[in-house]
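*Asks:* As a plain string of letters, each chain reads:
Protein chains: 2
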Amino acid sequence: MRIDVSQAARRLAAHDNILILAHAHPDGDTLGSAFALCRMLRALGKKANAACGDTIPPAYNFMLQGLEEEHFEAEYVVAVDTADIKLLGHDMRETYAGKVDLCIDHHGSNTLFAAETLLMEKSASTAEIIALLFVETGVAIDSAAADCLYTGLSTDTGCFRYANTTAASHRLAADLIEAGARTEQLNKVFFETKTKTYAALEKLAIEGMKLFFDGRFAAITITREMMRKSGSNEGEYDRISTLPLQIEGVVIGATLREMSDGSFKVSVRTAPSIDAAKFCSRMGGGGHPGAAGCRLEGPADRALDELKGYVAAELA
Amino acid sequence: MRIDVSQAARRLAAHDNILILAHAHPDGDTLGSAFALCRMLRALGKKANAACGDTIPPAYNFMLQGLEEEHFEAEYVVAVDTADIKLLGHDMRETYAGKVDLCIDHHGSNTLFAAETLLMEKSASTAEIIALLFVETGVAIDSAAADCLYTGLSTDTGCFRYANTTAASHRLAADLIEAGARTEQLNKVFFETKTKTYAALEKLAIEGMKLFFDGRFAAITITREMMRKSGSNEGEYDRISTLPLQIEGVVIGATLREMSDGSFKVSVRTAPSIDAAKFCSRMGGGGHPGAAGCRLEGPADRALDELKGYVAAELA
Chain A
0 MRIDVSQAAR RLAAHDNILI LAHAHPDGDT LGSAFALCRM LRALGKKANA ACGDTIPPAY
60 NFMLQGLEEE HFEAEYVVAV DTADIKLLGH DMRETYAGKV DLCIDHHGSN TLFAAETLLM
120 EKSASTAEII ALLFVETGVA IDSAAADCLY TGLSTDTGCF RYANTTAASH RLAADLIEAG
180 ARTEQLNKVF FETKTKTYAA LEKLAIEGMK LFFDGRFAAI TITREMMRKS GSNEGEYDRI
240 STLPLQIEGV VIGATLREMS DGSFKVSVRT APSIDAAKFC SRMGGGGHPG AAGCRLEGPA
300 DRALDELKGY VAAELA
Chain B
0 MRIDVSQAAR RLAAHDNILI LAHAHPDGDT LGSAFALCRM LRALGKKANA ACGDTIPPAY
60 NFMLQGLEEE HFEAEYVVAV DTADIKLLGH DMRETYAGKV DLCIDHHGSN TLFAAETLLM
120 EKSASTAEII ALLFVETGVA IDSAAADCLY TGLSTDTGCF RYANTTAASH RLAADLIEAG
180 ARTEQLNKVF FETKTKTYAA LEKLAIEGMK LFFDGRFAAI TITREMMRKS GSNEGEYDRI
240 STLPLQIEGV VIGATLREMS DGSFKVSVRT APSIDAAKFC SRMGGGGHPG AAGCRLEGPA
300 DRALDELKGY VAAELA
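So the protein lines, in turn, are chains A and B.
With numbering that gives the first Met the number 0 applied, the first sequence closes on residue 315, and no number is skipped along the way.
With numbering that gives the first Met the number 0 applied, the second sequence closes on residue 315, and no number is skipped along the way.
Calculated directly from the structure, the hints in this document are not laboratory data.
These numbers were taken from a predicted model, which means no experiment stands behind them.
Yeah, the Cβ is synthetic: ideal placement off N, Cα and C, and Gly gets one too.
There's no promise every hint is true.
[Unchecked claim] Looking from chain A toward chain B, a few residues come up when the C-beta cut is under 8 Å (computed):
id, residue
1, PHE159
2, THR164
3, ILE176
4, ARG181
5, GLU183
6, THR192
7, THR194
8, ALA198
9, LYS202
10, LEU203
11, VAL250
Please build the complete structure, drawing on both the sequences and the hints.
*Replies:* Dropping the structure here:
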């Protein structure tokens, strides 16, 4: 059942020993939301922990500072930024299936798997919903919580660049700055730093980028050899897929990544004039209007040639 | 003489036939401020034009839409985002020396060259000051003015990434979104597009990037041959200088650019632990704590070796 902010605040106020779950492959929004909520609940005098089925990437370690794990048996379980029970990851999903009391989320695709769900699809980040809970419960956002919420807000909006950014996103950022969020430091970590392995992969990717059809189509091929050589990983690969469409004049940008079975996972990004989901559906894939994907058979040359055939038809 | 927002609003209200000057090598803030102010003054029933001594780059052409030039003899001259009369550029500086009635600016380095100056050093952008003038004069910010102001605000804050971003910057962004600013489109143009010539230069730069001292120092050398080969220009070069320090672990990033006389202009960016201005002063240069510069003699190898000597001493 869907509930609103004040009902969610009342549920939290009515319980103690609260366990908060972040989704697997954790990002800034799920972690920022989980740790800010944990801080809010402790400020309300409750026992609370935040947990994640996967290891927390080092860039987010600051969120754990001064937040030692408490020992209790969970009486109330809250999932944050989690659209589906599956997204909690293998172990968590088995442990908590049917046992999540409240889910706080902003994904339109939320399956309402929890007993109650606070779902606000128009929020750019779950952090924005957690901030409303601070207001509702009367807990002041301290600088540590402000850092968590700013991380969630800024990473999910691409530092206020993406179309999901609203007036409310900016107003929350203003409040968080006044609450002491270390925005300069956080922006540096999340938006101005390339890991050595990412930088190495990006270098190989840019070296191999090819343009076709008068520069309207740009493609990058990432082989397993390139991943090995750069030492890069799955998590860093997403950022590579944004590169082809960044070139002026490109309307279809594609990144073809070699999988262990020799096939290629294709990420397609398009300018507003082209529907990426529709385009990819012709190749058996799907996605969103601006970003979609599909699978093509290898080897690399064959996959690219096949893709170029579809692009030619699209641009004709 | 320095005046405040309400005094500046009164001066503008008291005059007609107002000419607004943007600085040479125009950026988003000077143009956004000039064209938004021009729209505000026309909404107040005044004759007003905005002018710039240099050609306006195509990315800003949207600001001119529906704003035909009016014919009048300037009775009151306002410079925006201009810290020094010299920055108006060669022709403008001679024409308007001693004739600028009001300067609206946020640069702490403003020389107070105008008869009166509305200077707000804590504003991240001049656009934020122009927005205050809209409030003061009671003119509603329409969508066209919102686009201009958002461009100034977002370009001067690196889309809210830089340390100069304040709570007021974010609150203005929220207001501009509600006033109809096309933030998604503008962000795409200003923060997610690489011109073909920039992309070509970046590719050459990244290919040639070298790391030294256990990856703590990264350097890029841009030769005149690389500028020629990529077709890139002076304006695009600034963005290249941010690349070396983006690599994780790098504390000094340098970009050495070959000048027409064979010497090298060195741009240095540093992590907070190192004072770039102090570091560059040892090589006869100067600048800010995080970004500074100097000149070194060529050829390229010699310049880099000399720089490495200074870096070795700094990191010792």
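*Asks:* Please check whether A:ARG181 passes as an interface residue: C-beta within 8 Å of a C-beta belonging to chain B.
*Replies:* violated (10 Å)
*Asks:* Does the closest beta carbon of chain B sit nearer than 8 Å to the beta carbon of A:LEU203?
*Replies:* violated (10 Å)
*Asks:* Holds or violated: is the Cβ of A:THR194 closer than 8 Å to a Cβ in chain B?
*Replies:* Cβ of A:THR194 sits 5 Å from chain B, so the hint holds.
*Asks:* Against chain B, with CB atoms and a cut of 8 Å, does the hint on A:ALA198 hold up?
*Replies:* This hint holds: A:ALA198 lies near chain B, its Cβ roughly 5 Å from the closest one there, short of 8 Å.
*Asks:* Does A:PHE159 pass the interface hint, meaning its C-beta sits closer than 8 Å to a C-beta of chain B?
*Replies:* Holds. Min distance 5 Å.
*Asks:* Verify the interface restraint on A:THR192: the C-beta must sit less than 8 Å from at least one C-beta of chain B.
*Replies:* holds (5 Å)
*Asks:* Holds or violated: A:LYS202 as interface residue toward chain B, Cβ cutoff 8 Å?
*Replies:* holds (5 Å)
*Asks:* Take the shortest C-beta to C-beta distance between A:ILE176 and chain B; is it under 8 Å?
*Replies:* Holds: closest Cβ of chain B sits about 4 Å from A:ILE176, inside 8 Å.
*Asks:* Closer than 8 Å between Cβ atoms is the bar; does A:VAL250 clear it against chain B? Give me holds or violated.
*Replies:* Since chain B brings no Cβ nearer than about 12 Å to A:VAL250, farther than 8 Å, the hint is violated.
*Asks:* Holds or violated: the hint that A:GLU183 contacts chain B, with Cβ atoms closer than 8 Å.
*Replies:* Cβ of A:GLU183 sits 4 Å from chain B, so the hint holds.
*Asks:* Mind checking the CB of A:THR164 against every CB in chain B and telling me if the closest is under 8 Å?
*Replies:* holds (7 Å)
Checked against the numbered hints above, the structure violates hints 4, 10, 11; every other hint is satisfied.
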